[in-house]
Amino acid sequence: MGINQIGQNRLLVLFTKLSIALAAALLWQPLLAADWQSELTNSQLNFAASFQNLPINGRFNQFSVKHTTDHAALPTNLQVMVAVASADMGNLEFNDEIQALDWFNVADHSTAIFTSQRFEIARQDKAGIDYFAHGKLQLKGIEQAVTVPFSWRQINHNQVAMSGELSLNRSDFGIGQGEWATGEQIGLAVRVWFDVRMLSSND
Amino acid sequence: MSLKNSTGQWGWLSKLFHWTTALVIFIQIPLGFYADSLKLSPFKFDIFVWHKSLGMLVLLLVIVRLLWRIKSTIPAAIAGTTLEQLLAKLAHGAMYILMLALPLSGWLVSSASNFPVKLFWLIPLPAISGPDEALKSLASEVHEICVFALIIILVTHISAALWHHLRLRDNTLKRMWF
Numbered sequence: 000m001g002i003n004q005i006g007q008n009r010l011l012v013l014f015t016k017l018s019i020a021l022a023a024a025l026l027w028q029p030l031l032a033a034d035w036q037s038e039l040t041n042s043q044l045n046f047a048a049s050f051q052n053l054p055i056n057g058r059f060n061q062f063s064v065k066h067t068t069d070h071a072a073l074p075t076n077l078q079v080m081v082a083v084a085s086a087d088m089g090n091l092e093f094n095d096e097i098q099a100l101d102w103f104n105v106a107d108h109s110t111a112i113f114t115s116q117r118f119e120i121a122r123q124d125k126a127g128i129d130y131f132a133h134g135k136l137q138l139k140g141i142e143q144a145v146t147v148p149f150s151w152r153q154i155n156h157n158q159v160a161m162s163g164e165l166s167l168n169r170s171d172f173g174i175g176q177g178e179w180a181t182g183e184q185i186g187l188a189v190r191v192w193f194d195v196r197m198l199s200s201n202d
Numbered sequence: 000m001s002l003k004n005s006t007g008q009w010g011w012l013s014k015l016f017h018w019t020t021a022l023v024i025f026i027q028i029p030l031g032f033y034a035d036s037l038k039l040s041p042f043k044f045d046i047f048v049w050h051k052s053l054g055m056l057v058l059l060l061v062i063v064r065l066l067w068r069i070k071s072t073i074p075a076a077i078a079g080t081t082l083e084q085l086l087a088k089l090a091h092g093a094m095y096i097l098m099l100a101l102p103l104s105g106w107l108v109s110s111a112s113n114f115p116v117k118l119f120w121l122i123p124l125p126a127i128s129g130p131d132e133a134l135k136s137l138a139s140e141v142h143e144i145c146v147f148a149l150i151i152i153l154v155t156h157i158s159a160a161l162w163h164h165l166r167l168r169d170n171t172l173k174r175m176w177f
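Protein chains in written order, with numbering that gives the first Met the number 0: chain A, 0 to 202; chain B, 0 to 177.
Everything hinted at is true.
Dumping the calculated EDC-like pairs for lysine to aspartate or glutamate here, alpha-carbon to alpha-carbon at most 16 Å:
1. B:43 x A:178
2. A:65 x A:38
3. B:43 x A:96
4. B:43 x A:92
5. B:38 x A:92
6. B:38 x A:178
7. A:139 x A:107
8. B:38 x A:101
9. A:65 x A:194
10. B:38 x A:96
11. B:38 x A:95
12. A:139 x A:101
13. B:117 x B:45
14. A:65 x A:34
15. B:43 x A:183
16. A:139 x A:171
17. B:117 x A:183
18. A:135 x A:119
19. A:135 x A:171
Take a look, some chain B residues computed to stay more than 10 Å from chain A by CB distance:
20. 18
21. 25
22. 60
23. 84
24. 85
25. 143
26. 144
27. 145
28. 154
29. 165
30. 168
By construction, these hints were calculated from the structure, which means they are not laboratory data.
These numbers were taken from a predicted model, which means no experiment stands behind them.
Using N, Cα and C, we set each Cβ at its ideal position, and we do this for glycine too.
Bound-form chain A, shown alone (with noise of 0.2 Å):
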């Protein structure tokens, strides 16, 4: 057996590690990482606004949410669309009323968008994460930095529960103006939280 021959077997070996190692990796990595829509039969998205102090529910009806998770099944990315104009405050005349200029101005602004890139771990156990997501939420055409606590529990290996909640103030997005500004009857902080299920699109 020659030189050349030592090598070329070598070489062959080497290249079906290499193969191997190839393989495996495009066999893992789309397990591993995933990405994650919301269902929208099983989420919920809720507000409470407040008269009086005493709080008046509400809900969106349509909105989608889209997570990806890495290798390491930690958050990348969160992408929240909200169809503003299907906000439901159970009374015809609020969804009619918050429609308008002063308050959500659906005609120029019908999508509400919160992004987040940069995810921080609150707290862990078995039953899954808590994470702040740093981010932008969009509204009424008015950027501002929001960071929305969620919880990230794991139903089975493709469904999730997502859910938390958080505290906006209806000012700083410019909600309720003219005689509404005041937060006097109408209060300025709006409760938000949601209950969302995600599905994963990987398999």
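With chain A held as given, fit chain B onto it using these hints.
Frame of chain A; chain B shown alone:
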């Protein structure tokens, strides 16, 4: 003046109930129509807080008043034909029913509208229904029909009292006055 009623006179507690509910109702009816006519604004909300506060006050007054009435002697009917006495009884009964139905239907409208309220800016009024457009419309209809019925009966009630006082010159109004 006696606290309790006698066969010929109303006692002062019954008189107080009568005239305070009368006063609140005379504010409440125009206030309700006024609140309803306003376009959505913080002022409209404030007027509605007054309307709901006074409405719940009427409800409370009427309940206590009815309990007191059940326990009390009722002064004898004023002289008149059997038909007149029957009509008077019917009118009084109808007014009690309406004084209950109006605040209760109003409370239902408020609750079904998903609108919380603190009575007199102090006492949170619990909701007696969840948000419900159909129930809200129905309760609004009932509220409206009741208020028109009450207005008609009140006009009759006041006219009859004045007729007794000014034309028949009997004791009807005097025995309800202080």
